[in-house]
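Got chain A; can you put chain B on it based on the hints?
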Amino acid sequence: MKLQNMFKKTSRKSYISLKESKPEVPEGLLRKCNKCGAAIIAEDVKQGFYICPKCHGYFRVHAYRRIEMLTDEGSFEEWDRGMTTKNPLDFKGYEEKIEALQEKTNLEEAIVTGKASIEGMPVVIGVCDGRFLMASMGEAVGEKIVRAVERATEEKLPVIIFACSGGARMQEGIVSLMQMAKTSAALKRHSDAGQLYISVLTDPTTGGVTASFAMLGDVILAEPHALIGFAGPRVIEQTIGEKLPKGFQRSEFLLEHGFIDRIVERENMRQELAEILRLHCNTERVLRTPDEQQVHTELEEKVKKVRSAWDRIQISRRKDRPVGSNYIENLFESFMEFHGDRCFKDDKAITGGIAYFKGMPVTVIAQAKGRTTKENIERNFGMPSPDGYRKALRLMKQAEKFGRPVICFVDTPGAFCGLEAEERGQGEAIARNLFEMSGMRTPILSIVIGEGGSGGALAMAVADEVWMLENSVYSILSPEGFSSILWKDSKRASEAAEVMRLTADDLLHLQIIERVIPEPEHYTTENLNNVCDVLEQQIRDFLEKYTAISESDLIEKRYGRFRRM
Amino acid sequence: MIEKVLIANRGEIAVRIIRACREMGIETVAVYSEADREALHTQLADEAICIGPAPSTESYLSMERIISATLVSGADAIHPGFGFLSENSKFAELCEQCNITFIGPESKVIRKMGNKQEARNTMVAAGVPVIPGSTEPIYDAKTGAVTAEEIGYPVIVKAALGGGGKGMRVAEKPEDFENSFNTAQKEAQMAFGDGTMYIEHFVQHPRHIEFQILADKHGNVIHLGERDCSVQRNHQKMIEESPSIALSEEMRKKMGDAAVKAAKAADYTNAGTIEFLLEKSGNFYFMEMNTRIQVEHPVTEWVTGIDLIKEQIRIADGRKLSYSQEDVKITGHAIECRINAENPKKNFRPSPGMITDMYLPGGKGVRIDAAIYSGYTVTPYYDSMLAKLIVHAGSRKEAIRKMRSALGEIIIEGIETNVDYQYEILHHPDFESGDIDIEFIEKM
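Protein sequences, first through last, are from chains A and B. Numbering-wise (my numbering), the first sequence opens with residue 6 and increments by one. Numbering-wise (my numbering), the second sequence opens with residue 1221 and increments by one.
Same shape as in the complex, but just chain A (with noise of 0.2 Å):
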């Protein structure tokens, strides 16, 4: 039965009601999304970090409250207050215009700089008002943000800079195009000072400064879905005359492309800014001492097994076998994964980030396979590209920077054997990291935790010491291209096993590592603390004798170690 219509309703009223109020919301109650048109609380939104609580779109956040919502309460304090524009190019109806938003908004220019600090330490801090003009930079952006990275180099502080921008301001023309020259160099010689410099990317942040300080940090984070990019995509839908995919130019386009470390979502911003902070104000290189004598495991004491090179082999490629990530789980503490090579991709056949290791930060880099199936076809089953030993670079050389020690475990089947990875350059990426990792100026310690498969695995090898669990693998090549290479016959791989020496022993003996550390009888995820303790006394011994050797002592090590074989 259909109801529609069926039912006889209550006859409207035919007067006019006199009543004094009449329901009405009012002023400033409601506000409307404009990511998906909700009607939504505005003061829900003021609590909630400016998300919409329908959609999690992001708005667009006011220079000062963002400051609010980030440092410590009252410990703001606001540098170079009215330095504005001087119009350089007398540009027709731009003072007046600037007057007017100066009005409207009550800001002087499109950026707010000072000091702070975030969970007590200090930090220098500008961020990017878009209602001012699209927070373009002008010559008074380009100059507060100078001369605030300029006295941040000097007070030794680190700079956190908040973009959002259009690009350069176009009244402004040639003078704000040299703001990105201006702003660039002053971040290099912050770098250069040794200092930290953080680059938060919100939405949009597009031009000229994307092509300058915004894509210039140590650590760059962007906000979700932020529109990150170069040139506008209006302007390259125009120019290719085609559409662009869907999430084009979005923080997480930029993620997968290499070009930012994190992404952060707006609620988390202040403590993992407070965290990264952290992590790079402390400097000692000082090694909590142990809670108690460790409970040492039996592992050491027991009979060395007697094992083919085959068995070995096998061993080593087990699926339940303990994987990078399960180290860093299990021997840092606050690990912070940084993603990509700021070149092309985040390759995640390599993990690496900052973590502490008793205490002391370490920059830690993973050759990652897989725990399942389907995260192994997402890492590639540990075989890197080219972007992977890019991105390991890129953490090794900020690690060296910040005076962090290195510790990489490697287990890969070797390089990846791809059309792109030689596209990419394989071999110049594989070659680049021996290059440079020779003459880091902190220490660098490679565990070979499953398989090292040939120059995929030295690439993150060119180190101090080398050590091998007991049951990895470390060689030329795989046992079966071997046997294919010399032999002709891929079938004989147990066969050039036994001829390689590729086992732990065998390279211990040879000299090429410095030490071999036991495994359980039946090694997984289940005992791997019995590894992991043992690997934790032994991590904690070399930080401390490598610390203490001078940096170029450490240089000079380095290369006779590999100089003698």
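Simulated from the structure, these hints should not be mistaken for lab results. One should not assume that every hint holds.
Unchecked claim - The calculated lysine-lysine pairs, modelled on DSS-like cross-linking and capped at a C-alpha distance of 30 Å, are:
#, chain 1, residue 1, chain 2, residue 2
1, B, Lys1474, A, Lys27
2, B, Lys1530, A, Lys27
3, B, Lys1565, B, Lys1328
4, A, Lys13, B, Lys1500
5, B, Lys1584, A, Lys37
6, A, Lys40, B, Lys1310
7, B, Lys1540, A, Lys27
What the hints assert, rightly or not - Sample of chain A residues facing chain B (criterion: CB under 10 Å; computed from the structure):
#, residue
8, Lys14
9, Ser26
10, Ile45
Unchecked claim - Pairwise CB distance ranges (calculated):
#, chain 1, residue 1, chain 2, residue 2, range
11, B, Met1221, A, Pro238, 50 to 60 Å
12, B, Arg1453, A, Met11, 32 to 42 Å
13, A, Met6, B, Gly1525, 27 to 37 Å
14, B, Gly1614, A, Phe12, 53 to 63 Å
15, A, Arg293, B, Gly1334, 26 to 36 Å
16, B, Gln1456, A, Pro238, 45 to 55 Å
These figures come from a predicted structure and were not determined experimentally. Quick reminder that beta carbons are idealized off the backbone N, C-alpha and C, glycines included.
Frame of chain A; chain B shown alone:
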């Protein structure tokens, strides 16, 4: 004067409110989700506004949309019904800010009574009995034993971080205490890694007794007697009756006075319910206050002859109560059975689908509050309650017989319902004798 009411709800309660408004000459506006286009409340109201897709978070729970619908329709008041936004203090506050009459208490009262600790404190301050318990965390059996003595046996030891029955032990008498405490603490330590404990009086085999309150904006508060809602499954009430067989006239007065005191302490206005746990010993404890109309309000309506929805609207309009406490007379006995679209044989799994045919009983002393009709499709999105069957007779015995007869007549084809299950309960000897507590269904 309230001239037009928007009903921010669906199902039978929306229909119930529309009918009351119509009888009072007030225009009605229904709001509905896309899944409720064919629903009875949508069709019955003078106007209906679609407020979003089926999920209630995007329709019946969307405050902004409901406020917008109110302004667009020109309604001057909102009746929230029960569930959805009815006990949302923020929604009530929004209505206040937008100059819309919220048919219910003030937002600050909802907020206060919605906070368990604050509600408890309010009651303690007003001298309404609450379940006695330790006010400080307890870490060892010795201190605990002293507290337990003060609270009175039996007591229950609970882990501060507890949940799922872990780290919980009952001590019937002082001799058992140390053992119970230590076992519970050990369990808590194992399960939550924390041995912080609390001790509470263990309420044994209680009945759920609630009192209906009416309070106007002029300081008048009355109670309309009790409802016995002890027949519950997983804290969901199934059958409610008034009066309760467990209450003597003297007890009724005592608990009723406490309920009025509680409502006054909370600065309560409009219709509300004070829930108590009643022990066999006659001790009763405040559980919580429901700051809205209840599902089971018809049983009270029938034994008192008072239309609660109309009273709600009158109170919201600022009028004085039409009744004093002396005017309230309990006559006869009323029972309500909730009819749900669920399958008792499959662990009461909801059973949506189209009602292909149906027959609902009637006759003297039989009332049905429902929003279903032949050809109506029960959606999977909302509560599974289809209808409430309420009967009224001179005595409990007669009412039970009437209910059995009425349940026996109900025919709902096309979906599974709990009608037969209710029919069985009505024939259970313990139900018949009234010897029940809140564990009755579990033990049945």
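These are the hints, each one checked on the structure:
Between Lys1474 of chain B and Lys27 of chain A, the direct Cα distance comes to roughly 44 Å. Violation of the 30 Å bound is thereby established for this hinted pair. The suggested pairing of Lys1530 of chain B with Lys27 of chain A holds, with an alpha-carbon distance near 22 Å, which does not exceed 30 Å. The straight-line distance between the Cα atoms of Lys1565 of chain B and Lys1328 of chain B is roughly 43 Å, outside the 30 Å bound, and the hint therefore fails. For the suggested pair Lys13 of chain A and Lys1500 of chain B, the alpha carbons sit about 51 Å apart, so the restraint of at most 30 Å is broken.
With a C-alpha separation of about 53 Å, the suggested pairing of Lys1584 of chain B with Lys37 of chain A is violated against the 30 Å cut-off. Distance restraint check for Lys40 of chain A and Lys1310 of chain B: the Cα-Cα separation of roughly 24 Å lies within the 30 Å cut-off, and the hinted pair is therefore satisfied. Between Lys1540 of chain B and Lys27 of chain A the CA atoms are separated by roughly 23 Å; this keeps the pair inside 30 Å, and the hint holds. Look at Lys14 of chain A: its Cβ gets to within about 5 Å of chain B, closer than 10 Å, so that hint holds up.
This hint holds: Ser26 of chain A has a C-beta 5 Å from the nearest C-beta of chain B, less than the 10 Å allowed. A least Cβ separation of about 6 Å between Ile45 of chain A and chain B falls short of the 10 Å threshold, and the interface hint therefore holds. The hinted window of 50 to 60 Å between Met1221 of chain B and Pro238 of chain A holds, with their beta carbons roughly 56 Å apart. Judged by the Cβ atoms, the range 32 to 42 Å given for Arg1453 of chain B and Met11 of chain A holds: they are separated by roughly 36 Å.
About 34 Å separates the C-beta atoms of Met6 of chain A and Gly1525 of chain B, a value consistent with the hinted range of 27 to 37 Å. Our hint of 53 to 63 Å for Gly1614 of chain B and Phe12 of chain A is violated, since their Cβ atoms are close to 35 Å apart. A C-beta distance of roughly 46 Å is found between Arg293 of chain A and Gly1334 of chain B, which places it outside the suggested range of 26 to 36 Å. Checking the proposed 45 to 55 Å range against Gln1456 of chain B and Pro238 of chain A shows it holds: the Cβ atoms sit about 53 Å from each other.
In summary, the structure is inconsistent with hints 1, 3, 4, 5, 14 and 15 from the numbered list given earlier, while agreeing with the others.
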